[in-house]
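Numbering (this note's numbering) for the sequence shown: 1 to 220.
There could be a bad hint or two in this list.
Below, simulated DMTMM-like cross-link-like pairs (lysine to aspartate or glutamate); rule was C-alpha separation at most 20 Å, straight line [stated by the list, open to error]: (1) K109 - D128; (2) K109 - D34; (3) K109 - D58.
Label pairs and their calculated CB-CB ranges [claimed, not checked]: (4) W10 - V70: 31 to 39 Å; (5) A77 - A54: 30 to 38 Å; (6) P12 - L39: 26 to 34 Å; (7) A17 - L66: 33 to 41 Å; (8) V24 - R212: 33 to 41 Å; (9) A126 - L79: 21 to 29 Å; (10) W50 - A121: 44 to 52 Å; (11) V70 - G25: 37 to 45 Å; (12) G15 - R85: 13 to 21 Å.
Read the hints as simulated data drawn from the structure, not as lab findings. Predicted, not measured: the structure shown is a model, and the values here were computed from it. Beta carbons: idealized from backbone N, C-alpha and C, even for Gly.
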Amino acid sequence: MRRDEVVLWWTPLAGFAAGMAWLVGLGGDFVVADRLYALEGGRWALRSHWLTEALLHDAARNACVLAFVVVLVAWLASLRLPRARRWRRPLGYLVLAVATSTLLVAAIKATSPLGCPWDLARYGGAFDTATWPGRCFPAGHASAGYAWLALYFFLLAVRPAWRLAGLAAGLGLGLVFGVVQQLRGAHFLSHDLVTALLCWTVALGLSRPVLRLPAEGRTE
1 MRRDEVVLWW TPLAGFAAGM AWLVGLGGDF VVADRLYALE GGRWALRSHW LTEALLHDAA
61 RNACVLAFVV VLVAWLASLR LPRARRWRRP LGYLVLAVAT STLLVAAIKA TSPLGCPWDL
121 ARYGGAFDTA TWPGRCFPAG HASAGYAWLA LYFFLLAVRP AWRLAGLAAG LGLGLVFGVV
181 QQLRGAHFLS HDLVTALLCW TVALGLSRPV LRLPAEGRTE
């Protein structure tokens, strides 16, 4: 087994499995949501707050869209500018990975039977888990951040020393966006964990064929 397979795939997958075992299997989702709901005074007090809704949801989403447009324009420019030729494949990868991640999450969410915490009677909503309206899983807003996990592989191709900064950027954005939505009652923690794994899987899966990155050595 190659070392990069262990570090980049099996380690995150093991963490995901452990997290889901607690969150879904042992009810951790409700433990977290119950605590947040109680801290907000028995209601989703931050659901429509300017900080969580206008700034960290609406404005942050628009900023991510703008960042994607900038990368897309840069890639299109690299197709025409000979001096930018070495950036074509890395930028093309970043465009493809970010777009695929967000579209994949959106497609699953559009058909999902799982709803939002704020829809549940347990949290002041009108439904139970058997009747809630669905279309709330996985976490769509968090995907706008976790999609940028692809920066790890983009920077691995163009500036290897910066790759961990790219990983931190994607993780940081995803975590912030995910926590914001949990504070608003829009998602359970497991929704964000699934989104993170989907985005990482897309980024990792596309990196080898698109970027043609060399495989690392084998483990003992």
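Outcome of the hint check:
no.: 1; hint: K109 - D128; result: holds (19 Å)
no.: 2; hint: K109 - D34; result: violated (23 Å)
no.: 3; hint: K109 - D58; result: holds (19 Å)
no.: 4; hint: W10 - V70: 31 to 39 Å; result: holds (34 Å)
no.: 5; hint: A77 - A54: 30 to 38 Å; result: holds (33 Å)
no.: 6; hint: P12 - L39: 26 to 34 Å; result: holds (30 Å)
no.: 7; hint: A17 - L66: 33 to 41 Å; result: holds (35 Å)
no.: 8; hint: V24 - R212: 33 to 41 Å; result: holds (37 Å)
no.: 9; hint: A126 - L79: 21 to 29 Å; result: violated (51 Å)
no.: 10; hint: W50 - A121: 44 to 52 Å; result: violated (28 Å)
no.: 11; hint: V70 - G25: 37 to 45 Å; result: holds (41 Å)
no.: 12; hint: G15 - R85: 13 to 21 Å; result: violated (38 Å)
Of the hints listed earlier, those the structure fails to meet are numbers 2, 9, 10, 12, in rising order.
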